[in-house]
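K.L.:
Since chain A is already given, all that's left is putting chain B on it; use the hints.
Chains as they are written, first to last, in the numbering used here: chain A, 1 to 115; chain B, 1 to 113.
Hints in this document: simulated from the structure, not taken from any laboratory. For clarity, every value in this text was computed on a predicted model and none was experimentally measured. Idealized CB from N, CA, C, for every residue including glycine. Any given hint could turn out to be false.
[What the hints assert, rightly or not] Below, computed lysine to any residue pairings styled on SDA-like, alpha-carbon distance capped at 25 Å: (1) B:Lys52 to A:Lys71; (2) A:Lys71 to B:Gly96; (3) B:Lys68 to A:Ser98; (4) A:Lys62 to B:Lys52; (5) B:Lys52 to A:Gly99; (6) B:Lys77 to A:Asn101; (7) A:Lys62 to B:Ala97; (8) A:Lys11 to B:Ala86.
[Said to hold, decoys possible] Restraint-style ranges between C-beta atoms, simulated for each label pair: (9) B:Thr12 to A:Lys78: 20 to 28 Å; (10) B:Gln45 to A:Asn38: 42 to 50 Å; (11) A:Gln80 to B:Asp54: 27 to 35 Å; (12) A:Lys15 to B:Gly61: 27 to 35 Å; (13) A:Gln17 to B:Gln112: 27 to 35 Å; (14) A:Asn38 to B:Gln112: 25 to 33 Å; (15) B:Gln45 to A:Asp74: 16 to 24 Å; (16) B:Gly1 to A:Arg9: 27 to 35 Å; (17) A:Gly99 to B:Gly9: 36 to 44 Å; (18) B:Thr26 to A:Gly99: 21 to 29 Å; (19) B:Gly29 to A:Val55: 44 to 52 Å; (20) A:Lys15 to B:Gly1: 39 to 47 Å.
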Amino acid sequence: EAGVVQSPRYKIIEKKQPVAFWCNPISGHNTLYWYLQNLGQGPELLIRYENEEAVDDSQLPKDRFSAERLKGVDSTLKIQPAELGDSAVYLCASSPSSGQNTEAFFGQGTRLTVV
Amino acid sequence: GDSVTQMEGPVTLSEEAFLTINCTYTATGYPSLFWYVQYPGEGLQLLLKATKADDKGSNKGFEATYRKETTSFHLEKGSVQVSDSAVYFCALNYGGATNKLIFGTGTLLAVQP
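Chain A with its partners taken away, still in its complex shape (with noise of 0.2 Å):
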């Protein structure tokens, strides 16, 4: 069964230019997580989607940041305009439910450099 796919895996953009991140689920899980991982800390949560509603995005900074999922499959994440300090590794992950004892299947990641 293939995993959770995120593209690209690397991404260089200049600053003020905009910028894209795909994540594919795996097949059947209805929710879909992005979360932010700066150099040296843990992840944290961007967003959080419940099949196509996203429904935690307190942590997501609405000026720059959004997102969406389409069908309630893929999603995107988009930064627009790219900051320096956007600089980090965005992970994608998805679950089947939203249990408590519920594991969470990431991908590898995309590590995003603003210069």
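P.N.:
Then chain B, alone, in the frame of chain A:
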């Protein structure tokens, strides 16, 4: 708010040594506790979990016990291998409406032959 604190790394051990990575948490309720591992070049993957006080999670020779009285979930392994070299993250989750993993900062383990 809820948080997870891990011992700072890197932790460097020789093969077959005993491993302990400390993890303590602050929680307002009764979360489940997790250890995730990130091998070089790979995504985070679940290593083990415990869902309530006194539960012991175990996998691949690793163990951790949910200690409510000390708010701890220390990771242990009796004999580490070079292949265990990775970054280990402790995390908690309540699930439901507040479903999100709250991670510690991670601990890099380097095992030398």
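K.L.:
Would you mind marking each hint as holding or not holding in the structure?
P.N.:
Do the hints match the structure? See the list:
At roughly 35 Å between alpha-carbon atoms, Lys52 of chain B and Lys71 of chain A are farther apart than 25 Å, so this suggested pair is violated. Between Lys71 of chain A and Gly96 of chain B the alpha-carbon distance is near 22 Å, which keeps this suggested pair within the 25 Å criterion. Simply put, Lys68 of chain B and Ser98 of chain A have alpha-carbon atoms about 23 Å apart, close enough for the 25 Å limit, and the pair holds. Distance restraint check for Lys62 of chain A and Lys52 of chain B: the Cα-Cα separation of roughly 36 Å exceeds the 25 Å cut-off, and the hinted pair is therefore not satisfied.
With a C-alpha separation of about 14 Å, the suggested pair Lys52 of chain B and Gly99 of chain A falls inside the 25 Å cut-off, and the hint holds. Between the alpha carbons of Lys77 of chain B and Asn101 of chain A the distance comes to roughly 23 Å, so the proposed pair stays at or under 25 Å and holds. Only pairs whose Cα atoms come within 25 Å are accepted, and Lys62 of chain A paired with Ala97 of chain B is accepted, the gap being roughly 21 Å. For the hint linking Lys11 of chain A to Ala86 of chain B, the alpha-carbon distance of about 24 Å falls within 25 Å, and the restraint holds.
The beta-carbon spacing between Thr12 of chain B and Lys78 of chain A, approximately 40 Å, falls outside the hinted interval of 20 to 28 Å. Between Gln45 of chain B and Asn38 of chain A the C-beta distance comes to about 20 Å, which lies outside the given range of 42 to 50 Å. Hint check: Gln80 of chain A to Asp54 of chain B, Cβ distance near 49 Å, so the stated range 27 to 35 Å is violated. For the pair Lys15 of chain A and Gly61 of chain B, the supplied restraint of 27 to 35 Å is violated, since their beta-carbon distance comes to about 46 Å.
Roughly 43 Å separates the CB atoms of Gln17 of chain A and Gln112 of chain B, a value that falls outside the hinted 27 to 35 Å. Checked against the hint of 25 to 33 Å, the pair Asn38 of chain A and Gln112 of chain B passes, with Cβ atoms roughly 28 Å apart. Separated by about 22 Å at the C-beta atoms, Gln45 of chain B and Asp74 of chain A satisfy the suggested range of 16 to 24 Å. As the Cβ distance of Gly1 of chain B to Arg9 of chain A is approximately 33 Å, the hint placing it in 27 to 35 Å holds.
One distance hint, 36 to 44 Å for the beta-carbon pair Gly99 of chain A and Gly9 of chain B, is violated here, with the actual separation near 31 Å. Here the CB-CB span from Thr26 of chain B to Gly99 of chain A is close to 22 Å, well matched to the stated 21 to 29 Å. The supplied range of 44 to 52 Å is broken by Gly29 of chain B and Val55 of chain A, whose beta-carbon atoms lie about 19 Å from each other. Between Lys15 of chain A and Gly1 of chain B, the C-beta spacing of about 31 Å breaks the proposed range 39 to 47 Å.
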